[in-house]
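*Asks:* If you're matching them up, the sequences are chains A, B and C in order.
Mapping of the first sequence onto our numbering: position 18 corresponds to residue 18, and the numbering continues sequentially without gaps.
In our numbering, each number is its position in the second sequence, counted from 1, plus 89.
In our numbering, each number is its position in the third sequence, counted from 1, plus 200.
Please keep in mind that the hints were generated in silico from the structure rather than gathered at the bench.
For every residue, glycine included, the Cβ atom is placed at its ideal position computed from N, Cα and C.
Heads up, some of the hints might be wrong.
Claimed, not checked - Restraint-style ranges between C-beta atoms, simulated for each label pair:
1. 349(C) to 1(A): 44 to 52 Å
2. 204(C) to 73(A): 26 to 34 Å
3. 93(B) to 204(C): 28 to 36 Å
4. 269(C) to 69(A): 37 to 45 Å
5. 63(A) to 342(C): 42 to 50 Å
6. 63(A) to 297(C): 41 to 49 Å
7. 265(C) to 93(B): 20 to 28 Å
8. 231(C) to 14(A): 41 to 49 Å
9. 27(A) to 204(C): 52 to 60 Å
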Amino acid sequence: MLNTALVIAFALVSLAFLLNFWRLLKGPDAPDRILALDTLYVNTIALVVIFGIHRGNAIYFEAALLIAMMGFVSTVALCKYLLRGDIIE
Amino acid sequence: MIDILLSVLILTGAALTFIGSLGLARLRDFYSRLHGPTKATTLGVGCLLIASAVFFSLRDEGVSLHEVLVTLFLFITAPVSAHLLGKAALHLKLKSLAPMPAQDDAPSDPA
Amino acid sequence: MRRILPHPLLTLTLVILWLLLVNQVSVGHLVLGALLGWLIPFATTRFWPESTRIRHPLTLLHYLWVLMVGIVHGSFHVARLILQGPDHLRPAFVEVPLALSTDLAISLLANTISLTPGTVSVQLSTDKRTLTVHVLDTDDADAVVAEIKQHYEVPLMKIFEQDVGSC
Chain A
1 MLNTALVIAF ALVSLAFLLN FWRLLKGPDA PDRILALDTL YVNTIALVVI
51 FGIHRGNAIY FEAALLIAMM GFVSTVALCK YLLRGDIIE
Chain B
90 MIDILLSVLI LTGAALTFIG SLGLARLRDF YSRLHGPTKA TTLGVGCLLI
140 ASAVFFSLRD EGVSLHEVLV TLFLFITAPV SAHLLGKAAL HLKLKSLAPM
190 PAQDDAPSDP A
Chain C
201 MRRILPHPLL TLTLVILWLL LVNQVSVGHL VLGALLGWLI PFATTRFWPE
251 STRIRHPLTL LHYLWVLMVG IVHGSFHVAR LILQGPDHLR PAFVEVPLAL
301 STDLAISLLA NTISLTPGTV SVQLSTDKRT LTVHVLDTDD ADAVVAEIKQ
351 HYEVPLMKIF EQDVGSC
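Between the sequences and the hints, there should be enough to build the whole structure, so can you do that?
*Replies:* Right, here's the structure in full:
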């Protein structure tokens, strides 16, 4: 039961990855690509969490936490770059 | 019983994550695309994290709440990134299906 | 008291966060968390120029509940709109005039707007008086503004700046 749900979830999140990659390649503008990257980060968290449940190993949580923080910081830095042309003022 | 609850949470989470990305790929202008990942994906990953918390709490004979941290973190940061992206898009004057709002040429720095 | 413990709420939050992070409750971690929660506010004191006071804890709890319902409702609402396809959408930009004046309350309102059904805040005007909001699907912009003001701005006003007076 749980295993079937996990396999379906893997499939759905992988499809989500493909859609994100498509948007990342297609653009058409820089904010679109940044949004695609941000969504990729969040989807990676989803994938890591599903994988953690699948393996029954709680250590994957640490990876999810790190990805969440790095993803947010990079998105903010990229947006700042678009807004101002530099990051550290 | 718990298995059913976990499966429902995991499937809902994965489906919402997928729909968020579908919105990112499918909608027509940047400002509409902003909605999918901000809301659907965030709640989707939130569902998955709650499922993970329930799973490990039951398995390891002790409450495992640290998934709540990632959930909270995501719910706090998602609107901030969305706001910044929207502001950057307005700044670059990306075209929109809706009439554009008045431009604010000296961007202030909230949130 | 204020000199020894400059931000009691921040200290409490940090202790709880630390306990969540190590994922266990023991005396040792409680002491370590308390120590961190006591020291970190001193290091970050310049980031907190104004001290915040929560005036109505019950209103805050109710607000958090409303927010949670809004998040769940909003996500499914957006999911339904996406599945229906882009042809039915009527996106619009809406200007919300703000009655709030403190930075914290404004950022909370902006974040709330982004998490609730069909709206994302995209820009705050330089004078902090209007918030531009993008609505995914609407035919009545005034109704959206009225709902935001009634559901989210009024409680925030009550919690954070009731006796600040007019603004």
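*Asks:* A separate judgement is required for each hint: does it hold in the structure or not?
*Replies:* Hint by hint, here is what the structure shows:
Evaluation of the 44 to 52 Å hint for residue 349(C) and residue 1(A) yields a pass: the beta carbon distance comes to about 46 Å. Against the hinted window of 26 to 34 Å, the Cβ-Cβ separation of residue 204(C) and residue 73(A) comes to about 33 Å, which satisfies the hint. Between residue 93(B) and residue 204(C) the CB atoms are about 52 Å apart, so this pair departs from the stated range of 28 to 36 Å. Distance hint check: the CB atoms of residue 269(C) and residue 69(A) are about 28 Å apart, inconsistent with the given range 37 to 45 Å.
At about 46 Å, the beta-carbon gap between residue 63(A) and residue 342(C) stays in the expected band of 42 to 50 Å. Our hint of 41 to 49 Å for residue 63(A) and residue 297(C) holds, since their Cβ atoms are close to 44 Å apart. Range check, residue 265(C) to residue 93(B): about 26 Å between beta-carbon atoms, so the 20 to 28 Å window is met. Between residue 231(C) and residue 14(A) the CB atoms are about 45 Å apart, so this pair conforms to the stated range of 41 to 49 Å.
Residue 27(A) and residue 204(C) have their C-beta atoms about 54 Å apart, which keeps the hinted 52 to 60 Å range intact.
The structure is inconsistent with the numbered hints 3 and 4, although it conforms to all the rest.
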